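**Student:** Please dock the two separately framed chains into a single complex, following the hints provided.
As they're listed, the protein sequences go chains A and B.
All residue numbers for the first sequence refer to this note's numbering, where the first residue is 4 and numbers rise by one.
All residue numbers for the second sequence refer to this note's numbering, where the first residue is 20 and numbers rise by one.
Everything labelled a hint here was simulated from the structure, so no lab data went into it.
Keep in mind the model is a prediction, meaning the values are calculated, not measured.
For every residue, glycine included, the Cβ atom is placed at its ideal position computed from N, Cα and C.
Please note that a few of the clues may not be correct.
[What the hints assert, rightly or not] Think about it this way: if two alpha-carbon atoms lie no more than 30 Å apart in a straight line, the pair counts; the simulated BS3-like pairs of lysine-lysine are:
#1 A/K116 <-> B/K194
#2 B/K111 <-> B/K33
#3 A/K82 <-> B/K33
#4 A/K82 <-> B/K130
#5 B/K105 <-> B/K257
#6 B/K157 <-> A/K116
#7 B/K33 <-> B/K79
#8 B/K74 <-> B/K157
#9 B/K111 <-> B/K100
#10 B/K257 <-> B/K100
#11 B/K257 <-> B/K353
#12 A/K82 <-> B/K194
#13 A/K82 <-> B/K257
#14 B/K130 <-> A/K234
#15 A/K116 <-> B/K130
#16 B/K176 <-> B/K33
#17 B/K176 <-> B/K157
#18 B/K111 <-> B/K79
#19 A/K82 <-> B/K157
[What the hints assert, rightly or not] Some chain A residues close to chain B (C-beta under 7 Å, calculated; not the full set):
#20 P79
#21 H106
#22 W110
#23 Y112
#24 E114
#25 S160
#26 G161
#27 L163
#28 P188
#29 E215
#30 A245
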Amino acid sequence: MSIFVNADTKVIYQGLTGSQGRFHGLRNRDYGTQVVAGTNPKKAGTDVDGVPIYASVADAKEATGATASCIFIPAPGVKGAVIEAAEAGIDFIVVITEGVPAHDEAWFYNEVKRSYPNCQILGPNCPGIISPGQCNIGITPGEIAFTGGPVGIVARSGTLTYQALHELTQRGIGQTTCVGIGGDPVPGTSFIDCLERFEADPETGGIIMIGEIGGSAEEEAAAFIADNVTKPVVAYIAGQTAPPGKKMGHAGAIVSGGKGTAAAKMDALTSAGVAVVANPTEIGAAMAEALNR
Amino acid sequence: MDLLEFQGKQVFAKYDIPVSEGEAVTTVDEAVAAGERLGYPVVVKAQVHTGGRGKAGGVKLATNVDEVREHASNILGLDIKGHIVKILWIEKASDIADEYYASFTLDRAAKLHLGMLSAEGGVEIEQVAEENPDAIAKIWVDPVTGLSLEQCRNWVKAANIPEAAQGGAVDILLKLWTAYNEEDADLVEINPLIYTEDGRVHALDAKVTLDGNADFRHPDWEAYEATQPLDGREKMAKELGLNYIGLDGTVGIIGNGAGLVMSTLDIVNQVGGSAANFLDVGGGADALVLTNAIEVINTDENVKAILINIFGGITRCDEVANGVLAALERVELKSPIVIRLDGTNAEEGRAILAEHLSDTLQAAPTMLEAAQRAVEMASA
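Pulled out of the complex, with its shape left as it was, chain B reads as follows (with noise of 0.2 Å):
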């Protein structure tokens, strides 16, 4: 779950990283009373869930409550890369006198965590990782071990991170490390870092995204889940707990485990079609799950044709086949289902289907000849 740039300051906040002090707001109203409390200069920054907002325009310096009235009225509203801005934060402008790069992620190849740090923040850091790799300094961190404040003390130094601006770039990567852990993060990244006119280290901007497996011990996380960017088909699979995304082909698409559903997309893909979503029933699936499934797709405009394809482990394929007879009495359907159906209980599944067959409802024997059905459906 990646969080909006001011959600991420307060979780840096929380940790003692100093950050500028802001509001967070929604109307040009609010904006002009957080500048006139805050005092000028002030940063309009829109909040969105993807980058690029300073070069779309979602960035401006403003000195003057005009300013501030101005560029909020501007930046509320607009589409940055298909986002709309909604939120504005509004913060205390920094003088800044040198900017670094920051980051803890995990390092799947070396099973352990990597901390990346570099001198020559605040521009493209995926360019200096290109073009220069020995001006990022990276170190591994054993989960278990930690991060030694000796260690920390040493990647500084590799970094070449200037004497003056040392002391407080060590302070603050440990607490970006405790940060990381305790609030299980897969990724915390400052860019820029940045080291002020008057002496001080400090996080001007701030990308936190979360491990979403790890809410059971989260709670606060739920005021997070409010401002995620779904769509309207999004939002009621999620509501539905089904693991779905959303995209722009006809053929809607339903299976079992996140490798089969991929693999449908795949192969629709290789006989001419495509796939309006993916759609994971996860294991175990029961006919309700089936039911609210083909409702979802069915809410879908793009969508010619489904695809069920099914292979049962967990899953049983009589409940996936009650299932699909549920949804045909629940929901006058729009476009026609082919299925397939193979593992535990596919016999079973077949005969429940079989009196049901029609051209609305056919059954493949295999995943290829059922995305072959599928998408001359969607195109007839």
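The following block holds chain A by itself, in its conformation from the complex (with noise of 0.2 Å):
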């Protein structure tokens, strides 16, 4: 099974027409999703190699029935058509975009949590989502995934997302979902989200997590891990040798309190029980141990 998609999700793109939007929406299709509408208000009822555009995303919903829509719109427009896909009554919205402000992401995550409380942010700036064999969401090269599970994925970053996926189908392991939650600092999916997810999911057998330098959410993730969830779970850090970032006044500190280096976080996992990797090629190993392969 799967978490957030499958093979019936319908996708409606925003910002198809865009040559990004164009290039991925349509790499998605080919991959099997279910493309089934674009959005742009000034080209409706024309289409990209046939797939149907639609002034809003209420009118694709309609006329389509999906329930899940993938942003493609530069950063400027992102605040705008995340709120409208919400209002339209879309229930899983997957943001690619990079380069989002702090407080459109704080803004809209807030207003969709209230007003919306049935739908689902992934991203900004993340690679999407891919449930082999079923649905690609986003810009993960679909050819390096396997299809039949049992291990579930979620990380931080992109390339780091795609190198795990490599690990894994080199050593036949498939996945169920692969969920790239992003680095931005208000993720509208969480860590614990897909470990929520994936601990429920009786097809995934076992998780990879993949964190970064910065914030709390992998010390958050871990004290999930201690209490609810009872797959193996492996674990990489990426930063360990990086440079300190840019520090954010007191005002950072205080909130950090000591969190967000590479070493609090693995220690934090490792205490939790979480098989923690010194490096990403040490992953699939790690993975085929726990899963006694």
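**Tutor:** Here it is in structure tokens:
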């Protein structure tokens, strides 16, 4: 089984008429994703290689019954695009766009949470989500994923998501779903959102979690794993030797309270019973061991 | 993007937050002229992108023209934690009765904005946070509903700001909240926020960090770009649109995606080497971007080997391979390259490189082997 999406998920592409949207939207369709519509207020009634374009998400949803959307709109328009999709009743919004202002992210995260509680945002600044053989929304190269499970992947970094898929696929280990949550300050979907669903998914037998320095999301995930996750978890934290990032004044240091370093995150995960590996090339072997393969 | 104190104060002034009158100057004569105009006493303050100015001798009180001259000539050119002082802020001195602390920033865990206020400002606030966390009153503000007057009043009371200063503090905090939002700041911080002998509340310092992602709606930010501290390599990379951070090691690193580049730094370190830089060419990099990246790294005297680690998603490995070959033609490389390609069009990329491989251009099948090879080359 997969989480968030499956073979029946119908997807609207906001920004399908742009160059990135077109390239990846059609690539997703070639993979087998149900790419049912695109939106562009100025190009309603036209199509992109056979995919119909509607003036708004509301029109596209009414015509197609889509439940998910994927946003390739440039950063200045993302706030409006997310709210448009939520208002139209879309319940899974994938935001690929990078460079969205943090104030916009915080605003639409809270607005959607309050006014559209059944709507889940993934991203911004993420590679998207792939359930191998069923649905690929975003920019992940589908050919590096492998069907049949049993591994669920959740990662903050796009290219490290690919690396993890590659390490597993090379060993013949498949994936149930691979979720790129993105590295932005206010991700719509957290590690915990994914861990919870992977734990509940009977076909997921093990979980790979890829974190990065900064913030405290990995520490929160570690606490959640200790209390709620029974399946084996393999984790890698990028940035063990990275220079200290920009220090955001005293306020930033107080908020993080010593959290945020790779060492602190690795310690927290190890204490939670997670197999923490030193670099991404060890992910495949560690998961094979955890699954007794 | 971190602003200098005087730039932060200009932002505050735009929102009617009271700050001391002052002038930014770059020479001793200008400093003297500013002192004469403002009237004594004045404070001569180094403008650098680092903390600990006072301890380093970068902040001095001057009660007459001779002292302004003396302090300005001592502080200009001073090295404060590797930052050379080029700009001074000369401001009217204040009579301080009490010192507080105030800030707004994003709490990533709560996904809300966090306001912090303390009656114990002017000292190391991190120490206060550690030793006496109750002395810092925190509020979490929903970005959609914003900070209300009532919420702000209760917050000021909770922080034990003395009654006489409460009205002024509420006024400043509401304006600070507006500035934080409208200026797309990652952080606004006043330490100290002072209560003066004559009963005014006033921002004596200003720390403002802006979110570079919002620059499309702030054309006035260009003025701040000019004062950002960058070394030569970083300047060149920025002009070429590359995400580059200079380090001290000997292995030059190029990769796509921040996570993959960070993990490349990790793995180089684990096999006994050290990275000369962090360079992320981003998603969808074409041949020209790769050529530029190699050129930037080639200017670094410390680099003894270059490691290129690409996992193609949006980025296509054939474009990367063409970029490497173009760089070899355009620049005279001082160090050998080892390259690892996987993902989108990796086969095509490897085929393009195959006939050009030599001692100075090597291919490795995995990230680990590429790192080992690069570290060997760098120590040879």
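**Student:** Work down the list of hints and note, for each, if the structure agrees.
**Tutor:** A quick look at each hint next to the structure:
1. Between A/K116 and B/K194 the alpha-carbon distance is near 27 Å, which keeps this suggested pair within the 30 Å criterion.
2. Among the hinted pairs, B/K111 with B/K33 is consistent with the structure: their alpha-carbon atoms are about 19 Å apart, no more than 30 Å.
3. Restraint check for A/K82 and B/K33: the C-alpha separation of about 26 Å stays at or below 30 Å, so the hint holds.
4. For the hint linking A/K82 to B/K130, the alpha-carbon distance of about 16 Å falls within 30 Å, and the restraint holds.
5. In summary, the hint linking B/K105 to B/K257 is supported, as the alpha carbons are separated by about 22 Å, within the 30 Å threshold.
6. The suggested pairing of B/K157 with A/K116 holds, with an alpha-carbon distance near 23 Å, which does not exceed 30 Å.
7. The hinted pair formed by B/K33 and B/K79 meets the criterion: a straight-line CA distance of about 27 Å does not exceed 30 Å.
8. Simply put, B/K74 and B/K157 have alpha-carbon atoms about 29 Å apart, close enough for the 30 Å limit, and the pair holds.
9. Between B/K111 and B/K100 the alpha-carbon distance is near 26 Å, which keeps this suggested pair within the 30 Å criterion.
10. Between the alpha carbons of B/K257 and B/K100 the distance comes to roughly 23 Å, so the proposed pair stays at or under 30 Å and holds.
11. For the hint pairing B/K257 with B/K353, the CA-to-CA distance comes to about 22 Å; that is within 30 Å, so the pair holds.
12. For the suggested pair A/K82 and B/K194, the alpha carbons sit about 24 Å apart, so the restraint of at most 30 Å is met.
13. Only pairs whose Cα atoms come within 30 Å are accepted, and A/K82 paired with B/K257 is accepted, the gap being roughly 28 Å.
14. For the given pair, B/K130 sits about 28 Å from A/K234 by alpha-carbon distance, which is consistent with the 30 Å threshold.
15. About 11 Å separates the Cα atoms of A/K116 and B/K130, which keeps this hinted pair within 30 Å; it holds.
16. Between B/K176 and B/K33, the direct Cα distance comes to roughly 27 Å. Compliance with the 30 Å bound is thereby established for this hinted pair.
17. Restraint check for B/K176 and B/K157: the C-alpha separation of about 12 Å stays at or below 30 Å, so the hint holds.
18. Proximity of B/K111 to B/K79 is assessed by CA-CA distance (about 12 Å); at most 30 Å being required, the pair is judged to hold.
19. Restraint check for A/K82 and B/K157: satisfied, since their Cα atoms lie roughly 28 Å apart, inside the 30 Å limit.
20. Among the interface hints, the one on A/P79 holds; its C-beta lies about 5 Å from the nearest C-beta in chain B, closer than the 7 Å criterion.
21. With 7 Å as the threshold, the beta carbon of A/H106 comes within range of chain B, its nearest partner Cβ sitting at about 5 Å, so the hint holds.
22. For A/W110, the interface hint holds, the least distance from its beta-carbon to any beta-carbon of chain B being 4 Å, beneath 7 Å.
23. The closest approach between the C-beta of A/Y112 and any C-beta of chain B is roughly 6 Å, which is under the 7 Å cut-off, so the hint is satisfied.
24. A hinted interface residue such as A/E114 counts as satisfied when its beta carbon comes closer than 7 Å to some beta carbon of chain B; here the least separation is about 5 Å, so the hint holds.
25. Interface restraint check: A/S160 against chain B, minimum CB-CB distance 2 Å, threshold 7 Å, status holds.
26. For A/G161, the interface hint holds, the least distance from its beta-carbon to any beta-carbon of chain B being 5 Å, beneath 7 Å.
27. For A/L163, the suggested interface contact is upheld, since its CB lies about 4 Å from the closest CB of chain B, less than 7 Å.
28. Look at A/P188: its Cβ gets to within about 5 Å of chain B, closer than 7 Å, so that hint holds up.
29. Interface restraint check for A/E215: the shortest CB-CB distance to chain B comes to about 6 Å, inside 7 Å, so the restraint holds.
30. Hint status for A/A245: holds, given a least beta-carbon distance of 5 Å to chain B, under 7 Å.
When each numbered hint is compared with the structure, no violation occurs for any of them.
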